[in-house]
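Colleague: Please work from the sequences and hints to get the whole structure.
Protein chains: 2
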Amino acid sequence: MEQFLAQAKASAQVVASLDNTTKKRILNEMADALVAGTKKIIAENKKDLKYARENKLESAMIDRLMLDEKRIGGMAQSLREIAMLKDPVGRVIEGWVNDDNLRIEKVAVPIGVVATIYESRPNVTSDVGALCFKSGNVAILKGGKEAQHSNAAIAAILQDVLGANGLPVEIISLLPDSSREGVAKLITMDRYVDLIIPRGGEALIRYISQNSSVPVVKHDKGLCHTYIHSAADLDMAVEIAINAKCQRPGVCNAMETLLVDRAIASHALPRLYAAFNEEETQMWGDSEVQEIIEVELATDKHYDTEWLANILNIRIVADIDEAIAHITRFGSGHSEAIITGDYAASEKFLNTVDAACVYVNASTRFTDGGAFGFGAEVGISTNKLHARGPMGINELTTYKFKIYGSGQVRG
Amino acid sequence: MEQFLAQAKASAQVVASLDNTTKKRILNEMADALVAGTKKIIAENKKDLKYARENKLESAMIDRLMLDEKRIGGMAQSLREIAMLKDPVGRVIEGWVNDDNLRIEKVAVPIGVVATIYESRPNVTSDVGALCFKSGNVAILKGGKEAQHSNAAIAAILQDVLGANGLPVEIISLLPDSSREGVAKLITMDRYVDLIIPRGGEALIRYISQNSSVPVVKHDKGLCHTYIHSAADLDMAVEIAINAKCQRPGVCNAMETLLVDRAIASHALPRLYAAFNEEETQMWGDSEVQEIIEVELATDKHYDTEWLANILNIRIVADIDEAIAHITRFGSGHSEAIITGDYAASEKFLNTVDAACVYVNASTRFTDGGAFGFGAEVGISTNKLHARGPMGINELTTYKFKIYGSGQVRG
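Taken in sequence, the protein lines are chains R and B. At position 278 of the first sequence the residue is numbered 278 (this note's numbering), and the sequence of numbers has no breaks. At position 411 of the second sequence the residue is numbered 411 (this note's numbering), and the sequence of numbers has no breaks.
If you're looking for bench data, these hints aren't it; they were derived computationally from the structure. Where hints are given, some of them may not hold.
No distinction is drawn between identical chains; accordingly, a pair holds when it is met within one copy or between any pair of copies.
Unchecked claim - Pairs of lysine-lysine residues, derived as DSS-like cross-links and limited to a Cα-Cα distance of at most 27 Å, are as follows:
#	residue 1	residue 2
1	218	9
2	86	348
3	185	218
4	145	46
5	348	24
6	70	348
7	86	40
8	301	9
9	40	106
10	106	47
11	185	221
12	70	142
13	70	47
14	218	46
15	106	70
16	348	9
17	106	348
18	106	221
19	218	145
20	86	39
21	40	56
22	47	24
23	145	301
24	9	221
25	106	218
26	106	9
These numbers come from a predicted model, not from an experiment.
Modeller: Listed below in structure tokens is the structure:
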């Protein structure tokens with residue numbers, strides 16, 4: 001393992017110095033190679049599917065695992081889109097001349113070696129590999145056991161393209177030891193690894209955050225709220241609430257809890273209730289909510305649950321302060337929305353709520369690299385530092401200062 | 001400890017929401033209070049000095065510890081300067097309208113609770129306290145045992161001003177348990193603490209980086225190089241080399257190793273030797289250097305040493321590639337300089353060397369928040385992520401996305 005990581009680190013300088021035209025060409029070659037390797041990938045994927053069925057994995061998981069011609073075409077298309085993104089390396093983030101007449105530039109550079117830990121979907125292998133490559137980083141990929149054959153086939157195809165271009169294959173590679181012990185070792189290798197991105201299970205993310213000496217950017221829980229303020233346009237509020245909960249309930253930017261101002265509860269809740277009933281949403285509410293609509297009693301445990309399903313908590317609040325207090329207590333700092341026509345309420349919510357994304361009059365479902373216009377997404381960071389919220393290729397860079405002098409010495 | 005940290009976390013929202021006029025006024029009040037409390041601070045400082053002398057601490061350390069009227073005046077002046085800095089909170093870092101016509105703003109916000117661990121100089125207590133306050137963060141300060149009375153006196157004065165303004169005193173406070181066990185506990189408290197900034201001993205920094213579940217921005221080793229390229233202006237090269245090594249040898253941005261191109265070594269080294277001799281610099285060199293000037297033999301161990309003293313390693317290199325290879329192997333990623341009149345060499349050095357600050361034709365001694373124009377400095381980060389290089393108040397902020405909608409839902 002250590003030898004592998006040392007090689008990965010050594011190849012970081014190679015990928016960091018590639019120009020954008022070269023990176024673009026190679027990414028398009030990778031896309032072609034994936035399409036050309038469709039049969040091979042599907043054959044390997046069948047082994048994973050067989051294992052999944054034998055081990056009675058959930059059907060949703062098996063669906064995420066499955067690759068066919070269309071999905072492999074989608075993976076190739078994603079690489080072509082990543083190829084077309086503007087090079088994140090070399091951006092001048094800031095620049096100025098200091099009092100000593102030194103010209104100082106803060107310039108984006110690759111991070112180095114980025115290890116990503118993920119589950120199920122084999123397309124993450126090519127997506128994250130390509131995002132790291134485009135941003136000049138070495139990608140170390142650790143997928144789930146359930147997708148091992150598919151991931152190996154995809155990585156081998158990408159590596160063939162690297163090799164054919166005279167580049168070290170370590171630039172995109174699977175972690176050689178993908179056991180628990182392998183991951184435990186990886187997260188202590190701060191001499192070789194610059195960043196760990198864990199995506200997937202909460203327990204895994206917690207374990208890595210607690211034990212890693214390598215910096216970690218987490219992509220975990222989204223316990224999101226929508227707060228319907230007394231000055232909300234109710235038509236808009238209902239539409240946004242339905243979208244935030246039901247359009248895709250299993251994702252981290254979906255709403256889990258709806259907060260409604262007491263002043264409008266008696267006429268807002270019946271309308272919301274009817275709309276959610278049409279979507280067959282299971283609803284929980286506090287005792288005050290129960291006086292207005294027929295829902296089961298919600299406790300703190302419910303308000304603390306990321307359902308990731310078509311289930312909704314409802315709570316009546318006295319005012320915006322109580323709404324913000326609820327969000328501060330139960331929110332995960334991911335995405336929070338207020339629906340209001342009131343200027344002061346919108347300002348207060350935007351400024352006070354401590355979350356990666358705070359919305360006025362829109363669905364939390366927009367928290368997404370694609371929707372933000374980043375092109376492709378590494379994930380949605382729940383860290384506060386380095387990257388927060390949707391993380392695109394720019395967030396796979398750090399910076400250095402370039403200082404242009406003409407003989408200056410310090411006085 | 002946990003109760004203290006919970007209070008600190010709770011007061012984060014208070015300091016985060018203060019406007020700049022209020023922060024400015026309070027910082028100026030703190031400056032006045034420090035001056036008014038001069039006698040009290042000096043009396044407490046005397047206890048630390050007594051302890052230091054009794055325990056035979058080095059005279060340099062005792063000097064750093066000592067506070068007199070002038071130094072306390074300097075601390076007050078520093079607070080007044082921090083007060084005048086532009087508010088780092090609320091800066092719109094980026095802003096755009098996405099394809100759904102959502103207006104998205106990436107806005108600087110405070111990090112939250114920032115714990116700083118430092119040694120000796122008691123002025124760090126007021127400086128870092130003020131920098132955190134100005135950037136809307138709660139400051140938890142853990143100074144050295146040797147300065148405990150001075151730090152307590154300074155913190156008490158700042159807290160009195162907070163209290164008189166109706167603010168929670170936890171906004172600037174000393175870690176209640178400053179023992180080893182206290183620090184060990186602190187670095188696991190990621191529920192309450194958002195960032196740890198260790199300054200000081202390499203062993204301490206290593207320990208914290210390895211064991212902290214709270215994100216860490218390190219401020220440690222500076223093993224800096226100056227590379228005199230064959231196309232250098234030799235007068236400039238000598239002046240810069242002397243400045244980088246001798247102007248203040250005990251700091252992290254001072255040069256430790258001088259690399260000289262073989263093509264110019266025979267006439268450059270004697271001139272450098274004469275100049276460094278005048279500064280009474282102790283010199284080590286490889287065997288090839290020894291053929292030209294009279295120095296002791298340097299080994300890899302020397303090249304790997306941050307002297308922090310008027311001692312210099314010298315090495316002859318074949319060309320820029322060998323210079324960069326040496327820097328890659330021995331450098332600490334802090335500050336590296338090339339002296340050259342050649343455009344291609346300068347570009348290659350700037351783009352290839354992986355360090356926080358890379359210089360052309362200037363002394364590495366400029367790596368400093370003040371010299372960069374940041375106003376005041378939290379330290380110099382040797383991290384790659386979040387903050388790299390000189391760290392001012394802007395680097396004490398993170399960001400959130402504010403999204404302004406008009407009823408948008410995701411399709």
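Colleague: Compare the structure with the hints numbered earlier in the document and write down the numbers of the violated ones, lowest to highest.
Modeller: When the structure is compared with the hints, numbers 6, 7, 9, 10, 14, 15, 20, 22, 23 turn out to be violated.
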